[in-house]
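Those sequence lines, one after another, are chains A and B. Taking our numbering, the leading residue of the first sequence gets 551, the next gets one more, and so forth. Taking our numbering, the leading residue of the second sequence gets 4, the next gets one more, and so forth.
A portion of the hints provided could be inaccurate.
With a straight-line Cα cutoff of 25 Å, these simulated DMTMM-like cross-link-like pairs (lysine to aspartate or glutamate) come out [what the hints assert, rightly or not]:
{"#": "1", "chain 1": "B", "residue 1": "Lys60", "chain 2": "A", "residue 2": "Glu654"}
{"#": "2", "chain 1": "B", "residue 1": "Lys102", "chain 2": "A", "residue 2": "Asp607"}
{"#": "3", "chain 1": "B", "residue 1": "Lys102", "chain 2": "A", "residue 2": "Glu564"}
{"#": "4", "chain 1": "B", "residue 1": "Lys102", "chain 2": "A", "residue 2": "Glu612"}
{"#": "5", "chain 1": "B", "residue 1": "Lys8", "chain 2": "A", "residue 2": "Glu654"}
{"#": "6", "chain 1": "B", "residue 1": "Lys73", "chain 2": "A", "residue 2": "Glu654"}
{"#": "7", "chain 1": "B", "residue 1": "Lys59", "chain 2": "A", "residue 2": "Asp648"}
{"#": "8", "chain 1": "A", "residue 1": "Lys628", "chain 2": "A", "residue 2": "Asp607"}
{"#": "9", "chain 1": "B", "residue 1": "Lys8", "chain 2": "A", "residue 2": "Asp580"}
{"#": "10", "chain 1": "B", "residue 1": "Lys8", "chain 2": "B", "residue 2": "Glu57"}
{"#": "11", "chain 1": "A", "residue 1": "Lys618", "chain 2": "B", "residue 2": "Glu44"}
{"#": "12", "chain 1": "B", "residue 1": "Lys73", "chain 2": "B", "residue 2": "Glu44"}
{"#": "13", "chain 1": "B", "residue 1": "Lys8", "chain 2": "A", "residue 2": "Asp606"}
{"#": "14", "chain 1": "B", "residue 1": "Lys8", "chain 2": "A", "residue 2": "Glu594"}
{"#": "15", "chain 1": "B", "residue 1": "Lys62", "chain 2": "A", "residue 2": "Glu654"}
{"#": "16", "chain 1": "B", "residue 1": "Lys102", "chain 2": "A", "residue 2": "Asp580"}
{"#": "17", "chain 1": "B", "residue 1": "Lys73", "chain 2": "A", "residue 2": "Asp606"}
{"#": "18", "chain 1": "A", "residue 1": "Lys628", "chain 2": "B", "residue 2": "Glu44"}
{"#": "19", "chain 1": "B", "residue 1": "Lys73", "chain 2": "A", "residue 2": "Asp648"}
{"#": "20", "chain 1": "B", "residue 1": "Lys102", "chain 2": "A", "residue 2": "Glu594"}
{"#": "21", "chain 1": "A", "residue 1": "Lys618", "chain 2": "A", "residue 2": "Glu561"}
{"#": "22", "chain 1": "B", "residue 1": "Lys59", "chain 2": "A", "residue 2": "Glu612"}
{"#": "23", "chain 1": "A", "residue 1": "Lys574", "chain 2": "B", "residue 2": "Glu44"}
If you are wondering where the hints come from, they were derived from the structure by calculation, not from laboratory data. None of the values given here were measured: they were computed from a predicted structure.
Residues per chain, in single letters:
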Amino acid sequence: DAGVIQSPRHEVTEMGQEVTLRCKPISGHDYLFWYRQTMMRGLELLIYFNNNVPIDDSGMPEDRFSAKMPNASFSTLKIQPSEPRDSAVYFCASSHGDRGLYTEAFFGQGTRLTVV
Amino acid sequence: TQLLKQSPQFLSIQEGENLTVYCNSSSVFSSLQWYRQEPGEGPVLLVTVVTGGEVKKLKRLTFQFGDARKDSSLHITAAQPGDTGLYLCAGAPPGNTGKLIFGQGTTLQVKP
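Same shape as in the complex, but just chain B:
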């Protein structure tokens, strides 16, 4: 069974601080996605990383895929209250089955 473990599970920081969320597995994934979920809504895709070592930036968010394609990180610079939400990583197992395995999520609260 392929599992994705996210850490930390909860994070409460002040506006302006930086933070990093980790997504780890003992299994290899073909690609890894990061989603953000707001209360009462479904998750929405932020980014997909495919190549080992790949780094993608989305404004103040930086996503990295580990060289071995088993782990990923999300770094937020100068967090803002609007970044508050649940961040989920999701991995696609090899074989292009269409399946996505989700981590348990990191709940981020950014206080003004």
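If we strip away everything but chain A, and leave its shape as in the complex, we get:
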């Protein structure tokens, strides 16, 4: 398996523009997570899905952020409108829930977002 695939790897956009980040989880994994990483706040969980259903979106900072998982092999994180403080590395991760306490999260390489 190719692992978790995220696109794009880098995104530079102007304030006010819409940004869409994409993720393809590992086949067979039933959990998908979106994290944001910054120097100041570390790795923050934004939202996660189980079997394509959003379970906990309490980490989504504002209504400008939305995430979807239309099927088991694809998820998007959208920011509209984007602001400079959204600049961060956004990670997607997936896991196989049946492993219970030994569930391992597999991370993509991240999307580095810069909003100018």
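Chain B: place on chain A using the hints.
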């Protein structure tokens, strides 16, 4: 809100030295994981500890889960430049929700 606090945040040592990184919380976790992240990459799992007091060894790395399952430590013996990276602890809240809460990380630099 369950939080994990890591210390120290930054550590710069010479090759051959020993070090310990701590991960503390006021909350109980079902399990605790340690990840290592290199620049430009996502975190990669090193180990999972589940039982209070559990100790696991991975070559020169020793991981311990506190008796009360609220804290953990990572000890590296005779650090090497290849150990350089960001070390993250992550806790699974009780209830097997699938969720993982991450600490802010410890940036380790091992100088030759």
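Taking the hints in turn, this is what the structure says about them:
{"no.": "1", "hint": "B:Lys60 to A:Glu654", "verdict": "holds (18 Å)"}
{"no.": "2", "hint": "B:Lys102 to A:Asp607", "verdict": "holds (11 Å)"}
{"no.": "3", "hint": "B:Lys102 to A:Glu564", "verdict": "violated (33 Å)"}
{"no.": "4", "hint": "B:Lys102 to A:Glu612", "verdict": "holds (20 Å)"}
{"no.": "5", "hint": "B:Lys8 to A:Glu654", "verdict": "holds (21 Å)"}
{"no.": "6", "hint": "B:Lys73 to A:Glu654", "verdict": "holds (19 Å)"}
{"no.": "7", "hint": "B:Lys59 to A:Asp648", "verdict": "holds (23 Å)"}
{"no.": "8", "hint": "A:Lys628 to A:Asp607", "verdict": "holds (13 Å)"}
{"no.": "9", "hint": "B:Lys8 to A:Asp580", "verdict": "violated (28 Å)"}
{"no.": "10", "hint": "B:Lys8 to B:Glu57", "verdict": "holds (20 Å)"}
{"no.": "11", "hint": "A:Lys618 to B:Glu44", "verdict": "holds (24 Å)"}
{"no.": "12", "hint": "B:Lys73 to B:Glu44", "verdict": "violated (28 Å)"}
{"no.": "13", "hint": "B:Lys8 to A:Asp606", "verdict": "holds (22 Å)"}
{"no.": "14", "hint": "B:Lys8 to A:Glu594", "verdict": "holds (13 Å)"}
{"no.": "15", "hint": "B:Lys62 to A:Glu654", "verdict": "holds (20 Å)"}
{"no.": "16", "hint": "B:Lys102 to A:Asp580", "verdict": "holds (12 Å)"}
{"no.": "17", "hint": "B:Lys73 to A:Asp606", "verdict": "holds (23 Å)"}
{"no.": "18", "hint": "A:Lys628 to B:Glu44", "verdict": "holds (22 Å)"}
{"no.": "19", "hint": "B:Lys73 to A:Asp648", "verdict": "holds (24 Å)"}
{"no.": "20", "hint": "B:Lys102 to A:Glu594", "verdict": "holds (12 Å)"}
{"no.": "21", "hint": "A:Lys618 to A:Glu561", "verdict": "holds (19 Å)"}
{"no.": "22", "hint": "B:Lys59 to A:Glu612", "verdict": "violated (40 Å)"}
{"no.": "23", "hint": "A:Lys574 to B:Glu44", "verdict": "holds (16 Å)"}
The structure is inconsistent with the numbered hints 3, 9, 12 and 22, although it conforms to all the rest.
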